[in-house]
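Asker: The hints should help you fit chain B onto chain A, whose structure is shown.
Chains A and B, in that order, are what the protein sequence lines are. Sequential numbering from 1 applies to the first sequence in the working numbering. Sequential numbering from 426 applies to the second sequence in the working numbering.
Think of the hints as simulated: they come from the structure by calculation, not from any bench. A hint or two may mislead.
[As the list claims (entries may be wrong)] Mimicking EDC-like on lysine to aspartate or glutamate, the simulated pairs with C-alpha atoms at most 16 Å apart in a straight line are:
#1 Lys133(A) <-> Asp389(A)
#2 Lys536(B) <-> Glu128(A)
#3 Lys193(A) <-> Glu128(A)
#4 Lys441(B) <-> Asp267(A)
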Amino acid sequence: MTGIFVFIFLLILAFTGTPVFSLIGAGALYLFHTAQIDSSAVIIEMMRLANFPALIAIPLFTFAGYILAESNAPKRMLNIAQSLFGFLPAGVAIVSILVAALFTAFTGASGITIIALGGLLYPMLLREKYKEKFILGLLTTTGSLGLLFPPSLPIILYGLVAKISIDKLFRAAFFPGVFLLIILAFYSYLSYKKNPETKRDSISLKKRIQKIKTALAGAVWEIPLPFLIIGGIYKGWFTASEASSIMAFYVLITEVFIYKDLSLTKDIPKITVKSMVLVGAIFIMLGMALGFTNYAIDAQLPEKVFIWLHSFVSSKILFLIILNIFLLAINMIEIFSAIIIVVPIIVPIAMQYNVDPIHLGIIFLLNLEIGYMTPPLGLNLFLSNSRFDRNLTEIYRAIIPFWLLQLAVLFLITYFPQMFFITGR
Amino acid sequence: MKFIIKIDNALHTIEKCLVIAFVFSMVLLSFLQVTLRLFFHSGIVWMDPLLRHMVLWSGLLGSAMAARFSRHFALDIAHKIIPEKIKKIVFTTMNLFTATISLFLFWAAMKFLRDESAAESIAFHIGKTAVNAALAESILPAVFLLIAFHFLVNIFRSGENEA
Chain A
1 MTGIFVFIFL
11 LILAFTGTPV
21 FSLIGAGALY
31 LFHTAQIDSS
41 AVIIEMMRLA
51 NFPALIAIPL
61 FTFAGYILAE
71 SNAPKRMLNI
81 AQSLFGFLPA
91 GVAIVSILVA
101 ALFTAFTGAS
111 GITIIALGGL
121 LYPMLLREKY
131 KEKFILGLLT
141 TTGSLGLLFP
151 PSLPIILYGL
161 VAKISIDKLF
171 RAAFFPGVFL
181 LIILAFYSYL
191 SYKKNPETKR
201 DSISLKKRIQ
211 KIKTALAGAV
221 WEIPLPFLII
231 GGIYKGWFTA
241 SEASSIMAFY
251 VLITEVFIYK
261 DLSLTKDIPK
271 ITVKSMVLVG
281 AIFIMLGMAL
291 GFTNYAIDAQ
301 LPEKVFIWLH
311 SFVSSKILFL
321 IILNIFLLAI
331 NMIEIFSAII
341 IVVPIIVPIA
351 MQYNVDPIHL
361 GIIFLLNLEI
371 GYMTPPLGLN
381 LFLSNSRFDR
391 NLTEIYRAII
401 PFWLLQLAVL
411 FLITYFPQMF
421 FITGR
Chain B
426 MKFIIKIDNA
436 LHTIEKCLVI
446 AFVFSMVLLS
456 FLQVTLRLFF
466 HSGIVWMDPL
476 LRHMVLWSGL
486 LGSAMAARFS
496 RHFALDIAHK
506 IIPEKIKKIV
516 FTTMNLFTAT
526 ISLFLFWAAM
536 KFLRDESAAE
546 SIAFHIGKTA
556 VNAALAESIL
566 PAVFLLIAFH
576 FLVNIFRSGE
586 NEA
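Extracted from the complex, chain B is given alone in its bound form:
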């Protein structure tokens, strides 16, 4: 069990590093774009679609982290009204359900990605380089898999859910 929790923590570290990199790039690049517009009445054409995908990546990685810390929105009253005795069962069922749904969504995302790569669609450009849609959207299945994994591991984790 310890081994799985170790993997979970390692995955979380990767998520953290990626999110920090994305947020910093987003702050700097979007500020550059605003400055260009306000003071030089210009802007970089391909910047907006790039930024929108960065928002997607950081937001989705954020939801993987929210799974790790059990911070997804839910009806909080549950914790106050469920009797102590059955809490463990309810908690396990809830985590299993969410993990299962996430796996279904992972599968749906894989199918989506397969279609995208068959169509060879382009998501956006960085300068003259075209970014493949399947690459830009690969975060979707990855995040659903991460969410499923975090929720499963959470069943065995107790009381150390601090950000």
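Okay, chain A solo, but in the shape it has when bound:
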């Protein structure tokens, strides 16, 4: 009885904006107290963090991503993509999709994409006479695009929490990620066709080659990075945590000593602090949740939920539908907490329904990507709202086609995983 009271109390506190880590911490302290276990058990569970072998990937990728975001790398990246694809029909829209996906993957999908790239892409698309509604929808969507590619933070966190190999998860997410990009590019092409006013780069071949050369030469030190990191992980040359170390070192050297975009004594300390604030917020929640979820698993919570759920839902298909609706709703609210709290409970339940943890991971992350832009509370919507100074209802309307497309992709990935070579462990 008091349990329910405490739960409701914590829920009310959650809606007043109380930090999630303290709510989980309070819950864990209370549960251990009722089980007459000493409170130091919460700390013992938390110390398991020090034994997670791949944990180092979180601070190092975040650090490297923040450096890239603060340097001029996004501009150089955009220059290359623009010079290569700008002449294609719908070229600029496709450039936006590709660059945003790469940028989101490398900066950890913390919402920086819309802030950092939005300002560059918006006028570019406007110049080519795309409809404003399309631009708004596209850029709001790109805010979370690329979440399925390494080294995005949510995917690493999912692997850690679900205890599955991050490298395998990266590999399994590749085709679904590419498929989503292709679908969005195709939609952009269609709306380009439909609108007679849209233009494309119409410079001569000679000038174009010149442009490509300058753009490539400008970013000669950054071009190898995605190939090295993404390729290295897919090829199995090194693990995700080794990749994080290589990337952090490489990015630090290139942006500080080669491009001199950032000063080692002025900018880098600030960036370090900023990135570790994000890492710290994730860490403490992860640490608290270890105690909490361990208790839940000892109390056989997943089994109990499964038995209860199974009395209403016996088929895997129906379970997946309910799962998708549930995930969309919670991911719309706060994604990192969603991964840390929900995943350990959901993985064993899904396994009872014969859903593979890796397949579940892709479903989860795609839901997360869509949740980011789901009205009324998705984070991307608010970022667009402040970045492009448009009111929310206008943005809600603009994202509808993109939202539906992503839902369609989610449907295919959920029910036809074979199509995307998701074969499981």
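Answerer: Below, chain B without anything else, positioned relative to chain A:
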């Protein structure tokens, strides 16, 4: 009040310096380890546990800093739906609650540390030197105390929460 905010800022400066030192060492040492493995098929045996503890320290110091800047994950909608009138009360209650929980966690961490030091456990080695577990884990109570302090001071701070 000014005095307490000054202490808070001084603590934050120490956190910053430590975090920067840890992140830099982590980048360099882990890169050294990867280079050794990839090119020389070797590595330093005691490096991995050392790095894991560095990750712990920098992550936890990061969460102390997140407390200072109110950057811990929370349901953001609260700020949009709570009426202006009661915002101050809600905000104070929330900070007090988080500080209290952090103090409980500080106490739990102290008990944990006491057991560790009674058992004289070893966390890891640097070369031949053994590092005491109680020392390696001392960051836990320290950080919970820092978090509690930052949240309390935040009640009196207004509008200067920029990183």
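Asker: Hints first: check each against the structure and report whether it holds.
Answerer: Outcome of the hint check:
Straight-line distance between C-alpha atoms of Lys133(A) and Asp389(A) comes to about 13 Å, which keeps the hinted pair within the 16 Å bound. For the hint linking Lys536(B) to Glu128(A), the alpha-carbon distance of about 65 Å lies beyond 16 Å, and the restraint is violated. Taken as a hint, the Lys193(A) and Glu128(A) pair is honoured in the structure, with Cα atoms around 13 Å apart against an allowance of 16 Å. With a C-alpha separation of about 13 Å, the suggested pairing of Lys441(B) with Asp267(A) holds against the 16 Å cut-off.
Against the hints set out earlier in the document, a violation occurs for number 2 only.
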